[in-house]
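S.K.: Now for the letters of each chain:
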Amino acid sequence: MAPVRVLALWCPDWPVVAAEIVEGVPAHTPVAVFAANRVVACSPAARAEGVRRGLRKREAQSRCPGLTVVAHDPARDARAFEPVVAAVEEVAPGVEVTRPGVCAVAARGPAGYFGGEERAAERIVEHVAQACAVESQVGVADGVFAAVLAARAGRLVPPGGTPRFLAGLDVSVLDRPQLTDLLRRLGLRTLGDFAALPASDVLARFGFDAAYAHRLAAGRDDAPLAVRRPPPDLDVVETFDEPLDRVDAAAFAARALAGRLHERLAAHGLACTRVVVEAVTATGQELCRTWRHEGLLTAAAVADRVRWQLEGWLTGTGSARPTGGILRLRLAPDGVVAHTALQPGLWGETGERQDRAHRALTRVQGLLGPDAVVTAVLCGGRSPADRVRLVPWGEDRTPERDPAQPWPGALPPPAPATVLTEPLPAAVYAADGAPVSVTGRLEVSAPPARVVVGQPGEPVGIRGWAGPWPLDERWWAPEEARRQVWFQMCLVDGRALLLALRAGAWVVEAVYD
Amino acid sequence: MADIVALRRRVTVAPASTALHGLVRTADEVADSSRTLPVLPLLRPLLPGGGLRRGATVAVAPAPGDPSGRPPVGPAPPRPLASHGGTSLLLALLAAASRAGSWCAVVGVPTLGGVAAAEFGVDLGRLALVPNPGPEWTAVVAALLDGMDIVAAAPPGHVAPSVASRLAARARQRGSVLVPYGRWEGADVTLEAVRGVWYGVGQGHGRLRARQLTVAARGRGAAVRPKQLRIWLPAPGGGPPGAGNAGDPPVLTPVPGLAEPAVPGLAEPPRQEAV
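Chains A and B are the protein sequences, given in the same order. Just so it is clear: in the first sequence, position 501 is 501 by the working numbering, and no numbers are missing. Just so it is clear: in the second sequence, position 187 is 187 by the working numbering, and no numbers are missing.
Derived from the structure by calculation, the hints contain no laboratory data. Check the hints yourself; a few may be wrong.
Stated by the list, open to error - What follows is a list of derived Cβ distance ranges for each label pair:
hint: 1; chain 1: B; residue 1: R44; chain 2: A; residue 2: A446; range: 29 to 37 Å
hint: 2; chain 1: B; residue 1: H205; chain 2: A; residue 2: P425; range: 23 to 31 Å
hint: 3; chain 1: A; residue 1: G94; chain 2: B; residue 2: G134; range: 57 to 65 Å
hint: 4; chain 1: A; residue 1: P425; chain 2: B; residue 2: G221; range: 41 to 49 Å
hint: 5; chain 1: B; residue 1: N132; chain 2: A; residue 2: A446; range: 35 to 43 Å
hint: 6; chain 1: B; residue 1: G134; chain 2: A; residue 2: E443; range: 44 to 52 Å
hint: 7; chain 1: A; residue 1: G259; chain 2: B; residue 2: A139; range: 44 to 52 Å
hint: 8; chain 1: B; residue 1: G221; chain 2: A; residue 2: A427; range: 26 to 34 Å
hint: 9; chain 1: A; residue 1: R441; chain 2: B; residue 2: A160; range: 57 to 65 Å
hint: 10; chain 1: A; residue 1: W476; chain 2: B; residue 2: G134; range: 37 to 45 Å
hint: 11; chain 1: B; residue 1: N132; chain 2: A; residue 2: W476; range: 28 to 36 Å
The beta-carbon is built from N, C-alpha and C at its ideal position, and this holds for glycine as well.
Turn these sequences into a full structure, and let the hints guide you.
M.R.: This is the structure:
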């Protein structure tokens, strides 16, 4: 099979350009992108100062003192390249993304459509420059490997001329450092020299990968293009002529939009586990919130969530309240899975009971608002209040802090059954009536004998007590720092309390109820 | 319908062979076992049928010293501070059913300790909390009774008898268990934590380890005889309380002065002591 004609598009110094697009690093100044302390890419200005690929950071900075250093982020490169790929797709379908910064299309289609490979190349470069403001070069050759090299050289290699074009290039373009090193030591400096070796001997001596490289060097790159399939657009958007500012109108719109989203997902055999609700108000304010669900979101569930969100926004108070009516509403499915991936329990048992419970809880959420129904998630932490996080029903139940970590200084079990949402002020007195205090060296001034809980409380005798147990956490973050001692106290009437003394003030944190 | 009745009669009347005698169960018994949610072994003697019968109302009464049974609305007087083991009793009541796969909801108890619930063995993934139902309390409890297996609800102040009987009827109809946590009239069984003795704390040393809780049960129907039981809640050694920890562990000493007072509320003649 003869190699196909391929048109490759190459954006020079892509990591630098991506850093400019995503993070606003000025690419016309000296910029270098580093991975593991080595230069991966640099801007033309930096190259003019002597910065090269592979230099150490210190060396690069000594050659170019004004160098802006950016960390390498492959995800950023790929993300920033997405619009470029979309722009190429608008001109020529069937794009293979070779790596961020390089993509390839089969040349035959665009060449025939635009009347020649040269015109097609011009057209693509122009369109990319217009759509994304990105400089690029195009090359055409037989096979992807040769086409990418042709793009770097900015050449249109005529059909059949690829082996000759490749023959003059250095072996380092194979991008196989070990093999390149070996070939150089054997005196093979160009791809032409390498290609001249008998293929069977290359396979026997250097292995499969080298044999593949040998095929590439000889211009026999017959791997077909791995064409990217553009992801289907699943978002639904609705623009309203009159800005929505009433809840009932918003709810009506939400229902229609949720139905459309569901139809679109069903058409692709998909379902979503999260939905992003975005609204743009008449004054241009943008509001966004993601709703999660443990199971799959049905049309009614999506409609409910959109309605709650709109209700929250339209009737909310404080900073979250939009300044105008809602002009545009967009629903984007997130966490998309194939619809068959969720299977109900075999006997209908768990599924049915779970469904009943979910329906009841959703109904309560509808009555009181989504945040009124919560579940507790165990988190890592030391105090009883820290060890539990309440998440709204149906949202993600991952703990903030890992409960499996050791957490030295945490209260020992049993945990108090009643944890006060607001600690109650208290006072603790010794037998002689003096307030009990604890020194910095954890010495209790006198054994506690009576405790008064609340402001007008009556003194209750203490039968047994344990402590002080110090807690000094997050001292490195002054906002969250906490320094206190804990006491467990058994009272005369049989109650057991967890008291804390912080900054000289006693509070009741929890009751061993 | 008629043939089911006939069949049932045949099952119960059938002269079973001696080998099969113990294995044959009447249709009523079979239905009963699926209509009762499990409870921890230590609570079984207190409940008729040894479990939470679906459709029943099992109240956990507030502390004896608290006349209102009111959840904390303002800062004073806060109810959580007046309770003597009621919350632990509530969590222990939910634990076995929750672990067996039942869905539970707790309404109107913002101070419920999640860690304690997990220690008692409640599955937090199937425990829904509605901490502040506000004025919609009745509607919320009714909606939850439709879908959850056990609904524990702290009534906001006095609940009118008509509302109470409506909710009880709803529970009966939907086959869920209503557990009012507070003053409630007309419950099938009312459990009450009478008093608790903590073990493990000394004068400036030790730590709270276990509590011996005296629980009283009274009710109507099968539960008309008042019962009283001393249970370990929480049990020594932590973890969910089991059946095998009835005796005093040797290492634990009760908080001084609290070991042997006269037990209040034991004047009623028919009482059962199982220590």
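S.K.: Each hint needs a verdict: does it hold in this structure or not?
M.R.: Taking the hints in turn, this is what the structure says about them:
| no. | hint | verdict |
| --- | --- | --- |
| 1 | R44(B) - A446(A): 29 to 37 Å | 47 Å, violated |
| 2 | H205(B) - P425(A): 23 to 31 Å | 27 Å, holds |
| 3 | G94(A) - G134(B): 57 to 65 Å | 59 Å, holds |
| 4 | P425(A) - G221(B): 41 to 49 Å | 46 Å, holds |
| 5 | N132(B) - A446(A): 35 to 43 Å | 41 Å, holds |
| 6 | G134(B) - E443(A): 44 to 52 Å | 47 Å, holds |
| 7 | G259(A) - A139(B): 44 to 52 Å | 28 Å, violated |
| 8 | G221(B) - A427(A): 26 to 34 Å | 48 Å, violated |
| 9 | R441(A) - A160(B): 57 to 65 Å | 58 Å, holds |
| 10 | W476(A) - G134(B): 37 to 45 Å | 40 Å, holds |
| 11 | N132(B) - W476(A): 28 to 36 Å | 35 Å, holds |
In terms of the numbered hints stated before, the structure departs from hints 1, 7, 8, listed from lowest to highest.
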